[in-house]
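Just so we're aligned, residue 1 is where the sequence shown starts under the numbering used here, counting upward by one.
One should not assume that every hint holds.
[Claimed, not checked] Quick list of the computed label-pair ranges, beta carbon to beta carbon:
id, residue 1, residue 2, range
1, T233, G28, 29 to 35 Å
2, T71, H244, 53 to 59 Å
3, T74, D587, 47 to 53 Å
4, E62, A369, 20 to 26 Å
5, L611, A497, 40 to 46 Å
6, G28, R67, 54 to 60 Å
7, E482, G596, 35 to 41 Å
8, A468, A497, 21 to 27 Å
[To be verified] Derived lysine-lysine pairs resembling DSS-like cross-links, with alpha carbons at most 27 Å apart:
id, residue 1, residue 2
9, K139, K395
10, K609, K462
11, K178, K139
12, K257, K139
13, K490, K395
14, K417, K395
15, K229, K240
16, K490, K240
17, K604, K462
These are calculated hints, taken from the structure and not from any lab test. Quantities reported herein were computed from a predicted structural model and do not represent experimental measurements. We put the CB at the ideal spot given by N, CA and C, even for glycine.
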Amino acid sequence: MFSNPVLCAGPLEDVEENDTVSTESTNGLPTWDLSDLYDGIDDSRLDSDLNSMVDQAAQFEEKYKGRIASTAVTADLLCSALNDYEALMTAQYKPGSYANLLFSTDTADAQRGALLQRTREVGSAAATHLIFFDLEIGKIPQETFDRIINEPQLAPYRHYLEHERALAAHHLTEAEEKILEETANTRGRAFGRLFTEITSRQTFRMGDEELTQSELLVNFYNPDRETRKAAATALTDTLKGDAHVLTFIFNTLLHEKQILDGLRGHSSPEASRHLANEVDEAVVNTVSDVCVDNYDIAADYYHLKRQLLGLDELTHYDRYAPLLGDRGNIPFDEAQGMVMDAFGHFSPQLAEITEPFFSKRWIDAELRAGKRGGAYCAGVTPDLHPYVFMNYTGKPRDVMTLAHELGHGIHDVLASKQSLLNYHPVLPLAETASTFGEMLVFDQLQSTLESTEERLALLCGKIEDIFATVFRQIAMYRFEQEAHRLRREKGEQTTEAYCEVWQRMMQEMFGDSLALGEDHQWWWLYIPHVFQLSFYVYAYSFGELLVLSLYAQYQRDGESFVPRYFDLLSAGCSATPSQLVADMGIDIASPDFWQGGCDLIREKVEQAKALAATMK
Numbered sequence: 001m002f003s004n005p006v007l008c009a010g011p012l013e014d015v016e017e018n019d020t021v022s023t024e025s026t027n028g029l030p031t032w033d034l035s036d037l038y039d040g041i042d043d044s045r046l047d048s049d050l051n052s053m054v055d056q057a058a059q060f061e062e063k064y065k066g067r068i069a070s071t072a073v074t075a076d077l078l079c080s081a082l083n084d085y086e087a088l089m090t091a092q093y094k095p096g097s098y099a100n101l102l103f104s105t106d107t108a109d110a111q112r113g114a115l116l117q118r119t120r121e122v123g124s125a126a127a128t129h130l131i132f133f134d135l136e137i138g139k140i141p142q143e144t145f146d147r148i149i150n151e152p153q154l155a156p157y158r159h160y161l162e163h164e165r166a167l168a169a170h171h172l173t174e175a176e177e178k179i180l181e182e183t184a185n186t187r188g189r190a191f192g193r194l195f196t197e198i199t200s201r202q203t204f205r206m207g208d209e210e211l212t213q214s215e216l217l218v219n220f221y222n223p224d225r226e227t228r229k230a231a232a233t234a235l236t237d238t239l240k241g242d243a244h245v246l247t248f249i250f251n252t253l254l255h256e257k258q259i260l261d262g263l264r265g266h267s268s269p270e271a272s273r274h275l276a277n278e279v280d281e282a283v284v285n286t287v288s289d290v291c292v293d294n295y296d297i298a299a300d301y302y303h304l305k306r307q308l309l310g311l312d313e314l315t316h317y318d319r320y321a322p323l324l325g326d327r328g329n330i331p332f333d334e335a336q337g338m339v340m341d342a343f344g345h346f347s348p349q350l351a352e353i354t355e356p357f358f359s360k361r362w363i364d365a366e367l368r369a370g371k372r373g374g375a376y377c378a379g380v381t382p383d384l385h386p387y388v389f390m391n392y393t394g395k396p397r398d399v400m401t402l403a404h405e406l407g408h409g410i411h412d413v414l415a416s417k418q419s420l421l422n423y424h425p426v427l428p429l430a431e432t433a434s435t436f437g438e439m440l441v442f443d444q445l446q447s448t449l450e451s452t453e454e455r456l457a458l459l460c461g462k463i464e465d466i467f468a469t470v471f472r473q474i475a476m477y478r479f480e481q482e483a484h485r486l487r488r489e490k491g492e493q494t495t496e497a498y499c500e501v502w503q504r505m506m507q508e509m510f511g512d513s514l515a516l517g518e519d520h521q522w523w524w525l526y527i528p529h530v531f532q533l534s535f536y537v538y539a540y541s542f543g544e545l546l547v548l549s550l551y552a553q554y555q556r557d558g559e560s561f562v563p564r565y566f567d568l569l570s571a572g573c574s575a576t577p578s579q580l581v582a583d584m585g586i587d588i589a590s591p592d593f594w595q596g597g598c599d600l601i602r603e604k605v606e607q608a609k610a611l612a613a614t615m616k
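Can you make the complete structure from the sequences, with help from the hints?
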């Protein structure tokens, strides 16, 4: 709805200090070459593109405004407008995507921050000329729409048009929508950027070292318990130091959402996300309820893990403790080989799609100060390749992260046969290829291990990743639900109030198998999704459970599964999630389907228990 062209190309962002932004890494880790976008911040094409954005949008407005919401609109006219709109948006995504990519690898660089803000402001100015288009699509008289929608020239846009009309009930007037767009950069977008800048600049003291967030978090996978404990303390200490301002940001963002939901007539805090995701509230509630009903799987597993670690009790910094000692770092080129082998075993085409990410430097994996934490893949437009962002520390989990983000990239490449309005996968399906990629690498690694200890350690690591994706994300979703409810019903909340909700929701997942210590209650303060992308997280649970089912199909059907899988990814967002997966024999409205996914997780825990029993 009402896309700002610099904001809707996905969670994008950057690279090196100099203007060419294609510097080779000095430590063997790849950095981006962004020259397919621009040659640098001072590239005259970037300035020219930004300067022309508003005029191009105004020309589109002049050409089509008042002609769409009419009984006289024809299929040819609407198709022409949609073609022009896609061409306009394809061009206008580019500067904002570049600015976001740049900013994410050095959020402390003032020049990059200034470019990001400029693209947002220019994007907002351009967007005010485009707001009319979505509004008029929603106002086409129903009889007229029914008459033209079946014309063949509109067939590629049918789903897009029907979705836009579903959003129409929550549109405001054009003047009101313009006000919201023009002020957005001083409201939620500004506070979201402030959160990123604060958390990206945070340092964490462990002993004599000052670590970045990415460098710190890897210590939760250290075999030494005191090291894990020290990392947990360091994380908490820094978060507590910034808690007041981060809580203020959170309260402000939640209140802004309350206001916007009220203006648009959304029935609940979650409703706008469900509408954007094209998923019924009942389906999301089913996913959430089924996951909560199966929390005992996590508790059962962590009872096993406590025994395997030989500890009297587990706490928050033991969740990811490895069962084997530190096996050393995995060089990036070795991780590349693991991923390419696994993808190639599934399909040579999959490996062929993946290879340019490495050879053409579409990946930025280097650790450096100022770089934001986490990982993502940015799909820009169908005519451009995606970019993968991560912080590679050399641990086995990073190999899975690489596979995950490359899965996103593969999804984007396959979907590039679609036009822009059908390109970006809707969130519930956006995690399909990424999670499937992880499963491929896991199975490939498992097949190479001979000792029971190694196979058990790998399996347990995978189980923990699944828990983090399925159960933990639902726990986060439920944290968001209660946090938004508290903010709406009782006004601005204290840090401690949100901490209590966080701790309670997270503890439910573990039952009596693991006791989250007091330090853990502060850890919601570094989760970007709950600040910047309200109710995004259930898509991870949705995607993981979906992929478990798809992977079971692959194991059953073998090579015949591959073309069906590629067709699913190639569809982009050209149909609703329920329609796309129905072709794979899946009914997302069925509680039995989601329970089946949880049953597959339970089977993995039983496999771990059986392996552990052979070691006694």
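The hints, checked one at a time:
Taking the beta carbon of each, T233 and G28 are about 32 Å apart, inside 29 to 35 Å as hinted. Here the CB-CB span from T71 to H244 is close to 57 Å, well matched to the stated 53 to 59 Å. Taking the beta carbon of each, T74 and D587 are about 38 Å apart, not inside 47 to 53 Å as hinted. As the Cβ distance of E62 to A369 is approximately 47 Å, the hint placing it in 20 to 26 Å is violated.
Our hint of 40 to 46 Å for L611 and A497 holds, since their Cβ atoms are close to 43 Å apart. Separation of G28 from R67 is about 57 Å and conforms to the stated range, judged on CB atoms against 54 to 60 Å. One distance hint, 35 to 41 Å for the beta-carbon pair E482 and G596, is violated here, with the actual separation near 28 Å. One distance hint, 21 to 27 Å for the beta-carbon pair A468 and A497, holds here, with the actual separation near 25 Å.
Pair hint K139 plus K395 does not hold up; C-alpha atoms about 54 Å apart against a cutoff of 27 Å. Between K609 and K462, the direct Cα distance comes to roughly 14 Å. Compliance with the 27 Å bound is thereby established for this hinted pair. With a C-alpha separation of about 17 Å, the suggested pairing of K178 with K139 holds against the 27 Å cut-off. With a C-alpha separation of about 25 Å, the suggested pairing of K257 with K139 holds against the 27 Å cut-off.
For the hint pairing K490 with K395, the CA-to-CA distance comes to about 44 Å; that exceeds 27 Å, so the pair is violated. Pair hint K417 plus K395 does not hold up; C-alpha atoms about 35 Å apart against a cutoff of 27 Å. With a C-alpha separation of about 16 Å, the suggested pair K229 and K240 falls inside the 27 Å cut-off, and the hint holds. Proximity of K490 to K240 is assessed by CA-CA distance (about 23 Å); at most 27 Å being required, the pair is judged to hold.
Only pairs whose Cα atoms come within 27 Å are accepted, and K604 paired with K462 is accepted, the gap being roughly 9 Å.
In terms of the numbered hints stated before, the structure departs from hints 3, 4, 7, 9, 13 and 14, listed from lowest to highest.
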